[in-house]
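In order, the protein sequences belong to chains A and B. First residue of the first sequence? That's 8 in this note's numbering, and the numbers climb one at a time after it. First residue of the second sequence? That's 8 in this note's numbering, and the numbers climb one at a time after it.
For the record, the hints were derived by calculation from the structure and aren't laboratory data. Some clues are possibly wrong.
If chains are identical, the list can't say which one is meant, so a pair holds when it fits in one copy or spans any two.
Restricting the straight-line Cα-Cα distance to at most 20 Å, the calculated cross-link-like pairs of lysine to any residue (SDA-like) are [what the hints assert, rightly or not]: (1) K157 x G53; (2) K157 x A81; (3) K13 x V49; (4) K157 x I61; (5) K157 x A226; (6) K13 x G53; (7) K13 x Q87; (8) K225 x F167; (9) K225 x W124; (10) K13 x L86; (11) K225 x R186; (12) K13 x E58; (13) K13 x A52; (14) K225 x M249.
Number of protein chains: 2
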Amino acid sequence: MSTVGKAISLLELFSVDEPELGLSDLARRSGFDKATTRRLLVALAGHGFVEQDIGTRHYRLGAGLSRLARIREARFPFLQTAVPLVRDLAASTAETVHLSEFGVDSLVTVHVEHPAWANRVNIDIGQLLPLHSTASGIAYLAFARDETVKACLTGSLDAFTAHTLIEPAAISRSMSEARERGYSIYDQGYEEGVISVAAAIRGADGFALGTIAVAAPKARTTAAAIAERGLAVREAAREISMRLNGENLQILRRQA
Amino acid sequence: MSTVGKAISLLELFSVDEPELGLSDLARRSGFDKATTRRLLVALAGHGFVEQDIGTRHYRLGAGLSRLARIREARFPFLQTAVPLVRDLAASTAETVHLSEFGVDSLVTVHVEHPAWANRVNIDIGQLLPLHSTASGIAYLAFARDETVKACLTGSLDAFTAHTLIEPAAISRSMSEARERGYSIYDQGYEEGVISVAAAIRGADGFALGTIAVAAPKARTTAAAIAERGLAVREAAREISMRLNGENLQILRRQA
DNA sequence: GGTGGTCGGTTCATTATTTGAACTGTTATT
DNA sequence: AATAACAGTTCAAATAATGAACCGACCACC
Numbered sequence: 008m009s010t011v012g013k014a015i016s017l018l019e020l021f022s023v024d025e026p027e028l029g030l031s032d033l034a035r036r037s038g039f040d041k042a043t044t045r046r047l048l049v050a051l052a053g054h055g056f057v058e059q060d061i062g063t064r065h066y067r068l069g070a071g072l073s074r075l076a077r078i079r080e081a082r083f084p085f086l087q088t089a090v091p092l093v094r095d096l097a098a099s100t101a102e103t104v105h106l107s108e109f110g111v112d113s114l115v116t117v118h119v120e121h122p123a124w125a126n127r128v129n130i131d132i133g134q135l136l137p138l139h140s141t142a143s144g145i146a147y148l149a150f151a152r153d154e155t156v157k158a159c160l161t162g163s164l165d166a167f168t169a170h171t172l173i174e175p176a177a178i179s180r181s182m183s184e185a186r187e188r189g190y191s192i193y194d195q196g197y198e199e200g201v202i203s204v205a206a207a208i209r210g211a212d213g214f215a216l217g218t219i220a221v222a223a224p225k226a227r228t229t230a231a232a233i234a235e236r237g238l239a240v241r242e243a244a245r246e247i248s249m250r251l252n253g254e255n256l257q258i259l260r261r262q263a
Numbered sequence: 008m009s010t011v012g013k014a015i016s017l018l019e020l021f022s023v024d025e026p027e028l029g030l031s032d033l034a035r036r037s038g039f040d041k042a043t044t045r046r047l048l049v050a051l052a053g054h055g056f057v058e059q060d061i062g063t064r065h066y067r068l069g070a071g072l073s074r075l076a077r078i079r080e081a082r083f084p085f086l087q088t089a090v091p092l093v094r095d096l097a098a099s100t101a102e103t104v105h106l107s108e109f110g111v112d113s114l115v116t117v118h119v120e121h122p123a124w125a126n127r128v129n130i131d132i133g134q135l136l137p138l139h140s141t142a143s144g145i146a147y148l149a150f151a152r153d154e155t156v157k158a159c160l161t162g163s164l165d166a167f168t169a170h171t172l173i174e175p176a177a178i179s180r181s182m183s184e185a186r187e188r189g190y191s192i193y194d195q196g197y198e199e200g201v202i203s204v205a206a207a208i209r210g211a212d213g214f215a216l217g218t219i220a221v222a223a224p225k226a227r228t229t230a231a232a233i234a235e236r237g238l239a240v241r242e243a244a245r246e247i248s249m250r251l252n253g254e255n256l257q258i259l260r261r262q263a
């Protein structure tokens with residue numbers, strides 16, 4: 008692995024649940040030597056990618072990341088555009104709504120709205136969603152580039168529950184359905200007792216950029232609710248796509 | 008420079024004005040060899056820190072950065088907390104309001120609200136603000152750790168205009184004033200014709216984390232307006248600090 | 001329709017950086 | 001007072017990064 012890859016995988020050890028980690032802990036979890044880990048952390052800290060708590064000496068993600076993320080967001084206002092619609096959808100469905108963006112080979116959860124219920128589906132920001140076993144994943148694949156689909160379907164796929172689709176043919180069928188319907192449905196593919204609907208947010212080229220999804224405990228979810236939510240999520244995704252592409256056109260026009 | 012540092016300095020070549028860059032361009036600007044640049048980009052792309060436009064083959068900042076920034080933001084909801092108050096302040100002052108967070112050795116602009124005026128102070132997200140020559144910088148230094156202040160005052164300081172303070176004694180005096188008043192005033196220290204007021208956003212330990220500032224064309228700014236804005240910005244900073252530290256207490260309580 | 005310039009991307013012998021076992025010193029626990 | 005876990009450092013050995021030269025593709029210009 009390249010040194011750069013090692014440094015980044017250190018960053019990826021941080022999560023919403025464990026936002027601060029000590030040196031030894033980082034070394035242990037990454038598998039790198041303590042000296043190596045420290046050298047990488049110092050390099051990262053030098054550019055503000057991590058910062059160290061003065062008191063505990065623990066490390067956490069730094070402001071440099073916020074800076075770059077905001078620059079990205081300025082060019083490509085995915086969050087800004089989508090979050091209000093995620094909120095609306097969360098309000099109208101009273102279930103967990105989450106927004107994801109495609110990165111490397113899975114979907115990255117970038118925003119979540121949770122309902123007030125005690126019994127609800129909990130999703131953390133930063134969580135990675137596999138493509139073959141989630142409603143979001145299927146919705147994404149339905150409008151993804153051929154090479155992305157192929158990369159996903161070749162190689163063995165993990166079965167997280169008894170309901171997870173691991174046959175390429177079954178996944179393809181599910182994708183086709185999602186494409187026709189405009190939204191995907193996945194029944195307990197990633198976790199028992201959770202049913203989700205999702206729709207793809209698409210770029211100007213028609214390919215999927217990310218997804219918006221509603222996840223709910225299966226126990227209180229009727230078939231009618233699924234159909235209703237499907238339409239709502241499809242509508243939200245369409246609206247986000249439209250606003251995004253409108254913005255993009257403006258940007259291109261300004262550059263020209 | 009470490010390989011990691013090189014990779015990060017590639018990322019830092021992207022800005023709001025130039026969010027997409029080609030390989031040769033990146034190599035030229037970074038001073039690295041084209042092959043090196045490419046290797047670094049591939050490593051970064053492997054973790055979603057950059058992505059490549061399929062059409063133009065240009066590179067841009069990737070979704071992996073958004074992911075990590077959101078994880079950071081979940082632990083430390085600086086933006087979420089501050090942005091509404093930045094908006095309020097922008098509405099009431101009708102001037103440019105910007106929010107910064109400290110990173111490495113300068114302040115990083117993480118949010119900006121611009122007024123509708125054609126003649127206004129323009130600030131980009133991601134822009135770095137020097138500590139000694141901006142209202143934000145002085146406000147930050149007024150409540151910064153001694154070592155940060157010392158690091159800033161030792162070494163030669165750039166004079167951006169004829170008004171920039173470059174004497175450590177003068178800067179210290181300005182800091183003291185800001186500390187007593189609760190906000191800083193800087194008259195054309197970074198750019199001619201711009202006058203700003205700023206106040207420090209402080210953590211639970213009392214030290215500054217970042218700043219909120221109002222910047223306006225000097226031509227339409229009266230002394231009375233400055234005083235009024237000063238109080239408003241101080242109040243906004245106090246409110247943000249309170250909300251942040253309240254949140255932090257909750258987080259600590261949850262962990263205990 | 002050739003020609004020179006630039007682009008993105010690749011190769012591989014040379015070179016410089018990264019690595020990690022062993023070390024110090026500090027702090028919390030028993 | 002002993003133990004253990006922690007953060008951080010050192011330096012010879014091992015490994016990964018480097019960059020000049022290369023390819024093919026594309027574009028503009030004479």
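Worksheet item: Looking at the structure, which of the earlier hints fail to hold?
Response: 2, 5, 7, 10, 11 and 14
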